[in-house]
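There are 2 protein chains.
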Amino acid sequence: MLRTIFFKNKPVIVGTSSISGPKEAKGSIGSYIKMKLDDDMFGEDTFEQAETKMLFYAIKDAIKESGRDEEQINAIIAGDLLNQIIASTFSVRNFQTGYLGVYSACATFTESLTIGATMLDGGYMENVVCATSSHFSSAERQYRYPLELGCTRPPLSQWTVTGAGACVLSKNGKGPKVVCATIGKIVDFGVADANNMGAAMAPAAADTLLTHLKETGCEPNYYDLIVTGDLGTFGSRIFKDLI
Amino acid sequence: MLRTIFFKNKPVIVGTSSISGPKEAKGSIGSYIKMKLDDDMFGEDTFEQAETKMLFYAIKDAIKESGRDEEQINAIIAGDLLNQIIASTFSVRNFQTGYLGVYSACATFTESLTIGATMLDGGYMENVVCATSSHFSSAERQYRYPLELGCTRPPLSQWTVTGAGACVLSKNGKGPKVVCATIGKIVDFGVADANNMGAAMAPAAADTLLTHLKETGCEPNYYDLIVTGDLGTFGSRIFKDLI
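Taken in sequence, the protein lines are chains S and U. Numbering-wise, this note's numbering comes out as the position in the first sequence, counting from 1, plus 2. Numbering-wise, this note's numbering comes out as the position in the second sequence, counting from 1, plus 2.
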């Protein structure tokens with residue numbers, strides 16, 4: 003059964019926004035980030051509240067950038083890495099739109115984009131916000147150890163992004179178009195090391211890309227850029243080996 | 003902006019399955035449950051593993067009931083109440099289909115049904131599995147206290163279902179049809195008591211039903227049954243008062 007969805011009407015990304023902590027702002031994609039924070043606490047008391055505030059900013063600003071009003075948004079499709087995806091729910095609480103919560107770990111944003119594009123392409127909605135967030139310090143508490151414990155980080159450990167991103171997808175407008183989406187499946191090689199997420203994710207990323215190329219009939223050089231969720235240095239190497 | 007999606011082709015529920023623990027089997031809908039367990043551990047070592055096994059059973063059996071092969075399923079859309087929706091991911095790991103993880107607490111199943119119906123109705127997929135699970139003992143550990151602590155349960159506390167359900171949605175076939183879906187929004191009255199989930203959920207449930215009736219133009223007596231996620235005795239009373 004095909005895992006790729008081809009969009010007939012090609013929904014358009016009409017507005018985007020992003021926000022990050024200071025470390026990300028200094029990184030290789032720092033110049034593309036719209037709002038760069040000096041302090042990753044963002045004036046809040048907890049990491050989770052800071053993450054929630056970042057996501058709220060990204061959604062609000064993406065709507066503004068799109069030239070749409072909040073009243074024109076049918077639904078916000080969002081998810082994050084926390085229990086009960088609380089960063090998403092507590093951010094979206096501030097909007098009077100429908101809400102669909104999604105969870106696919108590092109693939110959460112592409113999942114929201116896939117569902118959002120389907121809603122628009124089939125004519126069921128007019129404008130949808132797709133959004134996600136993470137925070138290094140809340141992710142460490144969630145997946146590994148609270149920072150306060152001062153655990154040593156092993157060499158393979160990655161640095162979860164402190165940041166949030168959102169886009170407004172629309173039926174019509176000017177901007178990049180969503181042409182198709184290949185839905186991933188779970189590929190588990192049995193990596194159970196919470197400090198080696200790249201190795202855990204690489205097999206599914208490889209399977210998704212190969213399935214995508216096969217089902218679309220495209221060659222890798224057709225693309226300007228092939229981007230995955232962050233596999234890290236070693237996960238990326240495994241990904242290339244598997245491919 | 004409309005929050006209701008109207009399906010043109012009306013996807014069909016062609017197969018269903020359910021499984022529950024002994025308490026649920028003795029309840030008012032017990033006679034509708036397909037597989038009733040004598041032991042809510044289902045032969046596993048932990049509550050989470052038991053929940054995962056129940057969900058796997060429900061998905062597998064719903065596919066069988068639908069008369070479809072696993073190869074004919076485009077995607078499984080599933081979610082549960084646990085961190086990283088692990089019951090869903092560990093169940094779906096056993097299937098070679100696409101996977102979309104969703105999280106909307108007690109509305110998870112309707113969210114999966116909404117997304118699945120959209121995928122089919124727009125012609126993007128042929129067959130989709132929608133599924134969810136919960137387990138009283140894993141939910142207590144997740145949301146309140148591990149059972150081993152022996153905490154007293156206050157009078158308003160609810161009993162999370164030990165069970166799993168799944169259905170196969172299809173473009174064509176015989177069975178109940180999905181006609182439309184109204185997407186809920188977050189309505190927070192500030193209830194912060196983890197033992198009074200009914201009161202926390204009732205405002206959003208009321209808003210969704212009222213929005214649904216308004217946008218579809220239907221009267222309550224048009225329906226044979228109006229069903230919500232379990233609001234409990236007191237949550238249901240609040241729900242009716244709000245309505």
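It cannot be assumed that every hint is accurate.
No copy labels: a pair is met if it fits in one copy or bridges any two.
Unchecked claim - Calculated cross-link-like contacts (lysine-lysine; reagent style DSBU-like; alpha-carbon spacing at most 30 Å):
1. Lys36 to Lys62
2. Lys25 to Lys12
3. Lys36 to Lys216
4. Lys12 to Lys28
5. Lys28 to Lys173
6. Lys176 to Lys38
Everything labelled a hint here was simulated from the structure, so no lab data went into it.
task = Check each numbered hint from earlier against the structure, then list the numbers of those it violates in ascending order.
result = Violated hints (numbers, rising): 2, 3, 4 and 5; every other hint is consistent with the structure.
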